[in-house]
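For the record, the sequence lines run as chains A and B. Residue 101 in the UniProt record's numbering sits at position 101 of the first sequence, with consecutive numbering throughout. Residue 184 in the UniProt record's numbering sits at position 184 of the second sequence, with consecutive numbering throughout.
Treat the hints with care, since some could be wrong.
[Unchecked claim] Result set (DSS-like, lysine-lysine): computed pairs, CA atoms no more than 27 Å apart in a straight line:
no.	chain 1	residue 1	chain 2	residue 2
1	A	107	B	16
2	A	107	B	82
3	B	133	B	82
In short, the hints are calculated from the structure, not lab data. Because the structure is a prediction, the values reported are computed rather than measured.
Given next are the chains, with one letter for each unit.
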Amino acid sequence: MAGKAPGALSRLIAHPSFRWGALLFGIIVLCAVFAWWLAPHDPFRNNFRTRFRAPDETFWLGTDRFGRDILSRTLHGAKVSLRIGLGVAALTALVGGTIGALAGFVKRLDGPLMRFMDALMAFPAVLLAIALAAALGPSEVNAILALSIAYAPRTARVMRAGVMVVREFPFVEGARAIGASPARVLLRHILPNAMAPLVVQQTYVFALAILAEAVLSFLGVGPPPPTPTLGGIIADGRDYIQEAPWISLVPGVAIAMTVLGLNLMGDGLRDALDPRLRTAIR
Amino acid sequence: MSALLRVEALSVAFGKTEVLDGVSFDIAPGEVLGIVGESGSGKSMTALAMMGLLPPGGRIASGRIVFEDVEVSRLPERELAKMRGARMAMIFQEPMASLNPVLTVGEQIAEVLRHHRGMDRRSAHNEAVSLLKLVEVAAAERRVDEYPHQLSGGMRQRAMIAIALACRPRLLVADEPTTALDATVQAGILDLLRGLRQEFGMAVLLITHDLGVVADICERVVVMYAGRVAETGDAGAIFAEPGHPYTQALLAAIPRLEGPIGTLPAIAGVVPSPADFPPGCRFAPRCPHAIPACEAAAPVLRALAGGTQAACIRAEHAA
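Please construct the entire structure, taking both the sequences and the accompanying hints into account.
This is how it looks when you write it as structure tokens:
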């Protein structure tokens, strides 16, 4: 049976890849949240005397061409990247989830809604984001909007499939037999049982959005400078990759660790919430 | 006393395919009526039509369903939803899958109470406990806060019955309530239904393919075959002097404890699918007593000397 049976939480904690993923992601989130306290330097302050410093005891991870501290910029950049990832995961869950649930539950809406999603899916996410940034101007909110439009169809597909499976369970007919209205059947009986795949999917969307944000910032259509974003810092270091590789390397590793942590958590969630794999977890 | 529920010449069709053809029967208040038949005979479809829960694509092509002098088959969905669970309730075959796995048993019982009887959370919870006690679930105070997967099959079916009983319905439709349960649990559930019916004067429509269950609890029986009523009458008469060759064959196929051990008589063939029902009597191709006239026209129900009504022109020869 789909759904979070009691015990899912303990299975989750017992799952090694979820534990490591949560640890890694948790550390990154804490670093980002407390960036203002943790960062040793002001991430925006230019200092021409400290340009292109290699990592030393003052600038632990070096400086960029304006003499700004890479560690401080990466911490603040992670904050922006995580905000974008969270925004995209939340917005796609809301919009894509609603569309998918309606498409899966109301047969009449299935065709039109999903063809519309297919059409959106056909657009490359980055192209869509560039177009939106060009139309509305580059900003954090527009990046979230663009990536959410691009990723909503995937979430909608997962939600639709889940709803269609649960819709056929006898307890749904049972709910109708006790007089529950269609809205009530969907919200109270179907959705809670179809949530598990959505939760897993959203951890991947979170990771995908962070990667895509890096691409957008690298291309110069993410949040505009001087706001530090992980992709933006990588782009800053692009021209000096031979002489000062730490500029691009540090935010690159931060992105990799964030995505790795999220994906490990997603795998753990998937195993813990998937009844067919339950026995495999020990 | 007038009938609680009347089904009059009910036909249900999916597209152009008729799965029910002119089904008629009635249930008096407090009566237990059994509908028996093989898989595919239309028993469950009849029940779903009564509840207004036909699967997508199915529609009532002709005929009427009248419940408490209201024509159910004409009611809009909103009115039907008010009636379902309150005046007329249904329990299903699969107690394993008929409860929502993410809600506690108590929450599911309380849902009906709050929805139809407007109870607040606390009194609905208390009422849920007393309903579980009513359906003889041990340690009801503890069970009420448990999830379906923590209960045994028999207990889940009792919980389903508790949900169905929550609003004291006038009619309980039980679609193969004991099929998925083992024999001792089955007997317990039937005892429970019998007791509840006496306590509340609730009519029960019991759908089953198990003639043992019918003999145990039903007062009257409707035997269905391929979407039509083959025979109907008091349970005693059906078992003592079945008129329709199909009923006779069903009864002959029950294993007996006494007498010589031999091959169990079976009915050759299977129920035809609705797309290729034969013309005339639909049982004729499988009937040992069939004559060419059987395939000419659909037989109508007629009273027989044995006290039952059968849709068979050869009933006197088949006896």
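Hint check results:
In summary, the hint linking residue 107/A to residue 16/B is supported, as the alpha carbons are separated by about 21 Å, within the 27 Å threshold. As the CA atoms of residue 107/A and residue 82/B are separated by approximately 24 Å, the hinted pair is consistent with the 27 Å bound. Distance restraint check for residue 133/B and residue 82/B: the Cα-Cα separation of roughly 26 Å lies within the 27 Å cut-off, and the hinted pair is therefore satisfied.
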